[in-house]
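Colleague: Take a look at the letters that make up each chain.
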Amino acid sequence: MQETKKDTGFEIVTREDFSDVTYLLEIRHPLMAKAARPGQFVIVMLHEHGERIPLTIADFDRNKGTITLVIQAVGKTTKEMQQNCRQGTHLYAIVGPMGIPSHIGKAKKVVCVGGGLGVAPIFPQARAYKESGAYVIGVVGFRSRELMFWEDRFRACCDELIVCTDDGSAGIRGLVTAGIKQAIAKHSDIDEVVAIGPPVMMKGCAEATRSARIKTMVSLNPVMVDGTGMCGGCRVKVGGKMMFACVDGPDFDGHQVDFDDLMFRLRRFVPTEKAALERWQDSCRMKIPPIERLELPDPFEEVKGG
Amino acid sequence: MATKKKTIRTIPQERTPVREQDPQARAKNFSEVSLGYQLDDALREAERCLMCPDQPCVRGCPVGIDIPGFIRKISEKNFHGAYDTLTDTNLLPAVCGRVCPQETQCEGVCTVGDVLAPVAIGRLERWVGDLAIKEGWANIPYIEPNGFKVGIVGSGPAGMACAADMAKAGCDVTVYEAFHQAGGVLKYGIPDFRLPNEVVDAEIERLVRLGIKFECNTLVGRLFTIEQMISEMGFHALFVGTGAGYPSFMGIPGESFNGVLSANELLTRCNLMRAKEFPNFDTPLQPGRRVAVIGAGNTAMDAMRVSLRLGAEKVYCIYRRTKTEAPARAEEIHHAEEEGIEFHWLTSPVEILDDGKNNVRGMRCIRMELGEPDESGRRRPVPVAGSEFEFEADAVVFAIGTNANPILGQTCKFKLNRRGYIDADDDLATSITGVFAGGDIVTGAATVIEAMGAGRKAARSMKAYLGLRDSDVVYLPERAGGAGKLFGIDLSERGYARVRIA
Ligand SMILES: Cc1cc2nc3c(=O)[nH]c(=O)nc-3n(C[C@H](O)[C@H](O)[C@H](O)COP(=O)(O)OP(=O)(O)OC[C@H]3O[C@@H](n4cnc5c(N)ncnc54)[C@H](O)[C@@H]3O)c2cc1C
Ligand SMILES: Cc1cc2nc3c(=O)[nH]c(=O)nc-3n(C[C@H](O)[C@H](O)[C@H](O)COP(=O)(O)OP(=O)(O)OC[C@H]3O[C@@H](n4cnc5c(N)ncnc54)[C@H](O)[C@@H]3O)c2cc1C
Ligand code: SF4
Ligand code: FES
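Chains as they are written, first to last, in our numbering: chain A, 1 to 306; chain B, 1 to 502.
There may be inaccurate statements among the hints.
[What the hints assert, rightly or not] Restraint ranges, calculated between C-beta atoms of paired labels, are given here:
(1) Lys215(A) to Asp423(B): 30 to 38 Å
(2) Ala275(A) to Gly147(B): 53 to 61 Å
(3) Arg145(A) to Glu390(B): 51 to 59 Å
(4) His103(A) to Asp423(B): 22 to 30 Å
(5) Gly311(B) to Glu278(A): 17 to 25 Å
(6) Pro141(B) to Ala275(A): 48 to 56 Å
(7) Asp152(A) to Gly420(B): 40 to 48 Å
(8) Lys241(A) to Asp374(B): 24 to 32 Å
(9) Lys215(A) to Asn403(B): 23 to 31 Å
(10) Gly136(B) to Lys34(A): 38 to 46 Å
(11) Asn63(A) to Lys28(B): 50 to 58 Å
(12) Pro141(B) to Gly65(A): 35 to 43 Å
(13) Lys34(A) to Asn403(B): 24 to 32 Å
(14) Lys215(A) to Arg419(B): 30 to 38 Å
No lab work stands behind these hints: they were computed from the structure. For every residue, glycine included, the Cβ atom is placed at its ideal position computed from N, Cα and C.
Looking at chain A on its own, in the form it has when it is part of the complex:
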């Protein structure tokens, strides 16, 4: 078998846990750290038998030569990574940065919205807008206060930060769409909204800005294989046209995206994914103390909070 690196892959230099389901990995890859731009993603393989899974580059440090991923454990691969990825261990493969970088335009006032697995990926965009001189309003959604992370990072790059929680334990009570409405009510001159999160959330955001005709960019996350435009598995419908999210996106005009199409395509492999997860959890249970079986998230459901 053709191996690339003589060492066993790409080193994990930091691991941090935000909650039971959300964790951060910082990976050494100096070239990638140099090339990465906001909005881009990588494809990761945990081991030789693993699946190729796409993850957004949540941060990059050109001096340290590292990139940061923030991952929600939702299925077999992401849970296995949660269990096995420690500081000093290696990922078998990581390739990127993929996708067209987000266009950080001349917008003067932007709202950057992140919910669920989109909280971390929205951060580099918020920071890039800040660096471009824009007035940045951050809207981040979590289930409850305990699940919050990176508040300090967001505060550092946002002129205003609206935190939304389901239970009202921090910030305002409600979905991120409530946060967007609050921002629109306060500022009549918003040029652009950027939203990243589960498809339902992005759909909600696009609806929330449609009547006000505010340009709304979303980052789509269909199931991918290669990430190089070769398989067409990531095709999405935008403005009635077929696009491949990995090379034509992942950012698209939210008012043009057919979110229902995206959501049912995300369910393509549900039965097999479920089987894989159950099988893996069963095999884990034999070796290590039992871990709690988590429900598979439904992409139709508003997945919130890390």
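With chain A fixed as given, assemble chain B with the ligands onto it according to the hints.
Modeller: Structure of chain B with the ligands alone, referenced to chain A:
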């Protein structure tokens, strides 16, 4: 072993058959269909070559392999010699022997074929290639490093061929590949039952022994650009062989229903990601019970036969023209028929239907008939009015061709042609100085041997660009275009010593 002159009457009349797995059994496994020749078979088949002086087969071969030359060496039992003759022009005999469309190339013009079945050139080539792998032969010449650094983008047959030639010329060669494994379509596209991954790996191993470095997990254009490779990374010349990814769909209603996918996705999941071994490997593949594959090229045949092996009960081939126009290798269509694939010629889908829950339940198809010939010379299929009918299937696979991959066009300043492929001149030079391109990314989807030929041609141009002498000039002056004279000296004088250069 100089024998008396053979004639069409004296040679074995029958083409030596090759042993194959039984169609019933093989439709359930991924082991190779054709088991290849044994020594006796190869010797017998080699006897069938007439050693024609005019060598039509050599002209029929896209890279001009000295076919009677290597066959003669098989007859002389000089097998290593046969391998040397093959690898003079063809880097990957074990691969090409398996996947080349011989019937339209060398075997299609073989003199024996005028009267009997043509010499089985492909099977002989494969036999020699396999023997070389088994025996561990590799023609590793003495290589004098010349200090030039050459980068190759894409590890398909085009990139592999260019890399090998440049490494033999003494360059420090690095191949960059986006996937986690090298090999291009040979690895992710063509399934194991036609071309086992071990064969591809063995060929790559040989390249590694030539000193070529493979850097997988590297998406050129995004991790670094072509311009950066030249200005910052110190490459003196580059070759781009990124293939033609980007699968086409038809643009008919229902293409996003679950159960509709491109052949590339099906094949990549199955071959490279080994979804066929799920759950031992993690990548899922939702198997279809009744699979309809649209198209009749090699990719379509592969998609059908893979679906069958993944457990489909029924697999249909839906093609808008007839068997005569089908672009797949004759052998693949034949094998597919044997395995029980159902062919529906002159049929085209107009809509994909779902079960109300976004899962495919079938297609609406229309019958076609052949009209006037189009630009390609093939008769154009035209729909027969009012002939629509429903067709039941729970998976629809599109294998109707590919378009240019956009990544390098998006990120680097290549001049592209109208269809988005890289524009290269006759010497395969691109609009960026020192950067050459070849294979599917220049021509659009073609064949393994043509991609390899392009890689070698680009290597010749690259050597000229770097000021390296081409070994062809010394050893094969006719091919290098310098017939009669070498360095201004008449060849007949032979008053110079041969030096090992590249
Ligand atoms: C461009 C892009 C960027 C992404 N960025 C991040 C990120 O920064 N952090 C993060 O935690 N996740 C991110 N995702 C989602 C992540 O890729 C999936 O969660 C992951 O593939 C799930 O793999 P699994 O084997 O753990 O789960 P599986 O068992 O394969 O799937 C579990 C469930 O997750 C959903 N799912 C499966 N594949 C995907 C997918 N590719 N995208 C979205 N949902 C999926 C399905 O609903 C499925 O039922 C991103 C996806 C894309 C396409
Ligand atoms: C399913 C299938 C079956 C086929 N069967 C046959 C057959 O039987 N006989 C035959 O002669 N031909 C066949 N072909 C066609 C043949 O395989 C191709 O013509 C040939 O492989 C083209 O070679 P290439 O080197 O140009 O590109 P490819 O083999 O496509 O290789 C290109 C490589 O470049 C990599 N790459 C792309 N972009 C980048 C980037 N930006 N950075 C780094 N790497 C990158 C890709 O991942 C890929 O590995 C078949 C093709 C398919 C898809
Ligand atoms: S055309 Fe056929 S018989 Fe003649 S040299 Fe070639 S392979 Fe042999
Ligand atoms: S992931 Fe394969 S084409 Fe986008």
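Colleague: Please flag the earlier hints that this structure goes against, numbers listed from lowest up.
Modeller: none
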